[in-house]
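Those protein sequence lines, which keep their order, are chains U and H. When the count follows this note's numbering, it moves up by one through the first sequence with no breaks and lands on 367 for the last residue. When the count follows this note's numbering, it moves up by one through the second sequence with no breaks and lands on 576 for the last residue.
Since the hints were derived computationally from the structure, they do not count as laboratory data. Every residue, glycine too, gets a C-beta built ideally from N, C-alpha and C. Any given hint might turn out to be false.
Not everything, but these chain U residues come out facing chain H in the computed CB check (under 10 angstroms) [what the hints assert, rightly or not]: (1) F52; (2) H73; (3) V74; (4) Q86; (5) Y88; (6) A89; (7) N99; (8) Y102; (9) R150.
Short, incomplete list of chain U residues facing chain H, as computed with Cβ under 7 angstroms [to be verified]: (10) A75; (11) I81; (12) G103.
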Amino acid sequence: MADLSIAHVRKRFGEFEALKDVSLHVADGEFVAVLGPSGCGKTTLLRTIAGFEAIDSGTITIGSHPVSSAKVHVAPEHRNIGIVFQSYALWPHMSVAENVGYGLKVARVPDAERTRRVRDALALVGLTGLETRPPAMLSGGQRQRVALARCLVTSPTLVLLDEPLANLDVHLRASMEDEFADFHKRTGTTMFYITHDQAEAMALADRIVVMDHGVVMQIATPEELFRRPATEMVAQFIGQGLIVPANVRSVGGGRCMVQVLGADIAARCSSEQRTGDGFRLCVRPRELQFSACGDGFACRVTRVIYQGGYYRVEVMPEADPNLRFVIHRADDQPIENGDLVNVVITDGWIIPHSVTATSSAIEYAAA
Amino acid sequence: MAWMKSKSLTLSLRDRAVRTEISVLTVLLVFVTAVAVAPLSRLLFEGIAPSGVFDWGRIQRIFNQASVWRAAVNTLIMATGSAALATLIGALLAAAVAVTDIRTKASLVFCVILPLMIPPQVATLAWINLFGSSSTLLSMLGLAAEAGTRHPLYSLEGIIIVLGLHNAPLVFLAVRASLRALPSDLVEAARSEGASPLRAFLSIVLPLARSGLISGAALAFVSAAGNFAVPAMLGIPGRVPTLITLIYQRLSDYGQEAFADVALLSLSLGAIAVSGLLFQSWLLRRRDIRITSLTATPLRFSLGPWRRPTEIACWVFALGVLVLPLLALLSTALVSGYGQALTTETATLKNFTNALFHHTMIRGAFMTSAWLAAATAVILTIVGIPLAYFIVWRPNSLVRVASAVLEVGYALPGTLVALAAILLLIKPIPIIQVSLYGTPWIILLAYLTNRSVLSLRPIVSGFMQLDRSLEEAARVVGAGFFRRLRDIIIPLVAPAAGAGAILVFLTVLTEIQVSVLLVTSSTRTIGASVYFLEESGATTLAAAVGVLIVVAVFCLMLFVSSFKDRLPKGILPWAE
Ligand SMILES: Nc1ncnc2c1ncn2[C@@H]1O[C@H](COP(=O)(O)OP(=O)(O)OP(=O)(O)O)[C@@H](O)[C@H]1O
Ligand SMILES: [Mg+2]
Chain U
1 MADLSIAHVR KRFGEFEALK DVSLHVADGE FVAVLGPSGC GKTTLLRTIA
51 GFEAIDSGTI TIGSHPVSSA KVHVAPEHRN IGIVFQSYAL WPHMSVAENV
101 GYGLKVARVP DAERTRRVRD ALALVGLTGL ETRPPAMLSG GQRQRVALAR
151 CLVTSPTLVL LDEPLANLDV HLRASMEDEF ADFHKRTGTT MFYITHDQAE
201 AMALADRIVV MDHGVVMQIA TPEELFRRPA TEMVAQFIGQ GLIVPANVRS
251 VGGGRCMVQV LGADIAARCS SEQRTGDGFR LCVRPRELQF SACGDGFACR
301 VTRVIYQGGY YRVEVMPEAD PNLRFVIHRA DDQPIENGDL VNVVITDGWI
351 IPHSVTATSS AIEYAAA
Chain H
1 MAWMKSKSLT LSLRDRAVRT EISVLTVLLV FVTAVAVAPL SRLLFEGIAP
51 SGVFDWGRIQ RIFNQASVWR AAVNTLIMAT GSAALATLIG ALLAAAVAVT
101 DIRTKASLVF CVILPLMIPP QVATLAWINL FGSSSTLLSM LGLAAEAGTR
151 HPLYSLEGII IVLGLHNAPL VFLAVRASLR ALPSDLVEAA RSEGASPLRA
201 FLSIVLPLAR SGLISGAALA FVSAAGNFAV PAMLGIPGRV PTLITLIYQR
251 LSDYGQEAFA DVALLSLSLG AIAVSGLLFQ SWLLRRRDIR ITSLTATPLR
301 FSLGPWRRPT EIACWVFALG VLVLPLLALL STALVSGYGQ ALTTETATLK
351 NFTNALFHHT MIRGAFMTSA WLAAATAVIL TIVGIPLAYF IVWRPNSLVR
401 VASAVLEVGY ALPGTLVALA AILLLIKPIP IIQVSLYGTP WIILLAYLTN
451 RSVLSLRPIV SGFMQLDRSL EEAARVVGAG FFRRLRDIII PLVAPAAGAG
501 AILVFLTVLT EIQVSVLLVT SSTRTIGASV YFLEESGATT LAAAVGVLIV
551 VAVFCLMLFV SSFKDRLPKG ILPWAE
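Here chain U stands alone, though its shape is the one from the complex (with noise of 0.2 angstroms):
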């Protein structure tokens, strides 16, 4: 087992720069998602991580060895790496237990040692008694598990795995989600994990990395990024965050008056959080209530979705049209279209590197 360090590596792809400065550290035996919108580098990521693309500049350290850089590059099979692919790769004219022992075969295993292996490792993703059958007769979460099992048969000191719940249904995703997650627990791999699915990053990782464009956004676990997401990006990516404009009046311990649409809130935000106007303030639709007593600021509603136990109401601030926010309201509470409401903002996280607010705040500070 072994940690996983990159700094600022570039990859290009002609004149298209899939990765821009990408830097983190994964620790040993720490479950790692990478999250990110389609496109975004997530798979060049994992690809220059295994050694399958060279990498134009920076360094990746797997453990204590050097294996890219601009002058390095340890050939994948060299890397002793273990990669879950979205396909599965699973070899159709080798038997499960021949897949799974393949890279112990290639290793010069004896074959004693090496049906022991095989056995044992199937028996930890639990496909015991399938061992002869062909890759094309087992259903996709049997596939998936014989992956799982040929990746960690060769104690690998890393495992990489590139959306692998991907081509699974609903049900199956939930029930193998479990199972990775109990399966990291007992071995201890440290596993770099990419997605696009929040839930299932959430569910499984210690800590989420956000990617977009090529640029790593934010390395943080779950709560961290649900709560204080750093960038607008992450805050709209992750838990449906939406972005007011806000002016911070008075900070202190974490919290703070903000001024948003006219209305005084108290909100969260970082300790080095200073005073000054042009911020935004990041509000989840939990954080978000209909005033019966007419405190708030007014909006029109413009969007009624039922969804199965509540509505999802947008509204538009009348004293800023471009802004929507979404509401759930219960059902037992009916809402039309053009109706007139009243919002109130009960929390909220002004999210620190705002660029106009960098600005403003040197500013301030100047003054």
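Put chain H with the ligands on the given structure of chain U with help from the hints.
For chain H with the ligands alone, coordinates are given in the frame of chain U:
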């Protein structure tokens, strides 16, 4: 490819895995250089600057000869005319098979494609036997022309007809492929806008089949321009010179002295062939119509009352073109003297027993062809698998150039490739001082130049249907290049590679275009023997050898078809 950049190349050279791959790639590139780059550039050099300097006056002198002019014009007429005929026939048959509801398609397709697999010298011999004044078949029916009249096929028209029929399957295949990709909803959309079936066919199907028509026609043109057997067997007795027969005759009359002139003639023949391909890509430029449709239902026009007549027409044509000449060939093979009527008294198996057992030249030629075909198929498969690996999964500019050169070697007429091989090997190879000229090895070299694409293409398509991660999964568990090749890649591309090897074997076994310039009295191929037997007047024996070749080809095709379910789709040209 990252390591093509010189910086990363030197850096990654330290890695054992990368070194292996570079060595393999180097071997492959050396192979391509030896079999394609070297002979073809030797020919180019000999044709343009035989004495080392470019001499415009010499080129003018050669092209000012009336015989050269006539041959070039005839070649153009022959190639264009037969391509037009092949396109007409091939497109109609393809439309019938691909977009109508006629029955018995599978066997119809087999019969339509079979002429493609029958070597042209055998087909021509069959046509000669069918229509000649000594036609055994026609004299049995009392229809033979009077003795002494000129053979109707010994003419430019005859050449065009035989070549057109021979190449029609090429167009058929190309048009069928483009029609097959047409989903039914495109036409349903047109019909729902009120277009009649005919209107829908003309306005939707035809434009979309355009690419198939054009590339099929171009293939037929190129194939006709480079065909040796038909213009030689019909044109030489009929006094219709073409470039290819001119090359052949000058070489056999003047030998080495004619090399420079003949090389230039070959280049102009090559230019005609290549111009056909260039014209095709010009016609197909930018009009790359991507068909976007989600339904996979193939298009079917219901012919209604016209179905039966269409079926009959297709079958009459297919059988007329296939069975009649073959019957003529068979009946000639069954009599002892050409021109005899086939009766219970004259019928004899003597020609067959002679061909099979008594004639040492024929037996030797058969053995030579068999091992040459096998060696070509095996070598091209061994080289083709790693080469296709690089072409599909590790493309870089060197690999692209290599595959383009191999394509050129395939597109150029076989006779031209043979001449290139002669020019390269006529002098002893430096250092080892061995001359391959006059040995089967020079034929092997020319086959490797001329046929590599035939084996490479199916392997490339096999790779394209493979999930790349199958190989990557083997990499990450530690398997090196050769290990992956042996355990993962070869088993997975084996069906495609096998199909390619069989195509190579089948076409090399009976071919004449390449070997006709390379055979000597001691080294003959079976394909060329048919021609030489016929030329020397042993028509009945030639017919018997021809029949045996057809039977052998037919059996091999059936044999391969028997495991077609295990082959990637679309690899066997004759399978529906
Ligand atoms: N071999 C390549 N050549 C050129 N561009 C590439 C190559 N591989 C990836 N890219 C580009 O790099 C970007 C990132 O691709 P990548 O596959 O890493 O995305 P991803 O985050 O895995 O997306 P998805 O969630 O859709 O799998 C994309 O814009 C893609 O088009
Ligand atoms: Mg991806």
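A quick look at each hint next to the structure:
Below 10 angstroms, beta-carbon pairs count as interface contacts, and U:F52 has one with chain H at about 6 angstroms; its hint therefore holds. For U:H73, the interface hint holds, the least distance from its beta-carbon to any beta-carbon of chain H being 5 angstroms, beneath 10 angstroms. Hint status for U:V74: holds, given a least beta-carbon distance of 6 angstroms to chain H, under 10 angstroms. Here the hint on U:Q86 is kept, as its CB sits about 8 angstroms from the closest CB of chain H, short of 10 angstroms.
Among the interface hints, the one on U:Y88 holds; its C-beta lies about 8 angstroms from the nearest C-beta in chain H, closer than the 10 angstroms criterion. The beta carbon of U:A89 is positioned within 10 angstroms of a beta carbon in chain H (closest approach about 4 angstroms), and the interface hint is therefore held. The criterion of a C-beta within 10 angstroms of any C-beta in chain H is met by U:N99, whose closest approach is roughly 9 angstroms, and the hint holds. Annotation: interface hint on U:Y102 holds; nearest CB of chain H at approximately 6 angstroms, less than 10 angstroms.
Taken as an interface hint, U:R150 checks out: its beta carbon lies about 7 angstroms from the nearest beta carbon of chain H, inside 10 angstroms. The interface hint given for U:A75 is met, as the beta carbon of that residue sits about 3 angstroms from the closest beta carbon of chain H, less than 7 angstroms. The criterion of a C-beta within 7 angstroms of any C-beta in chain H is met by U:I81, whose closest approach is roughly 6 angstroms, and the hint holds. Checking U:G103 against chain H: minimum C-beta separation of about 3 angstroms stays under 7 angstroms; hint holds.
Checked against the numbered hints above, the structure violates none of them.
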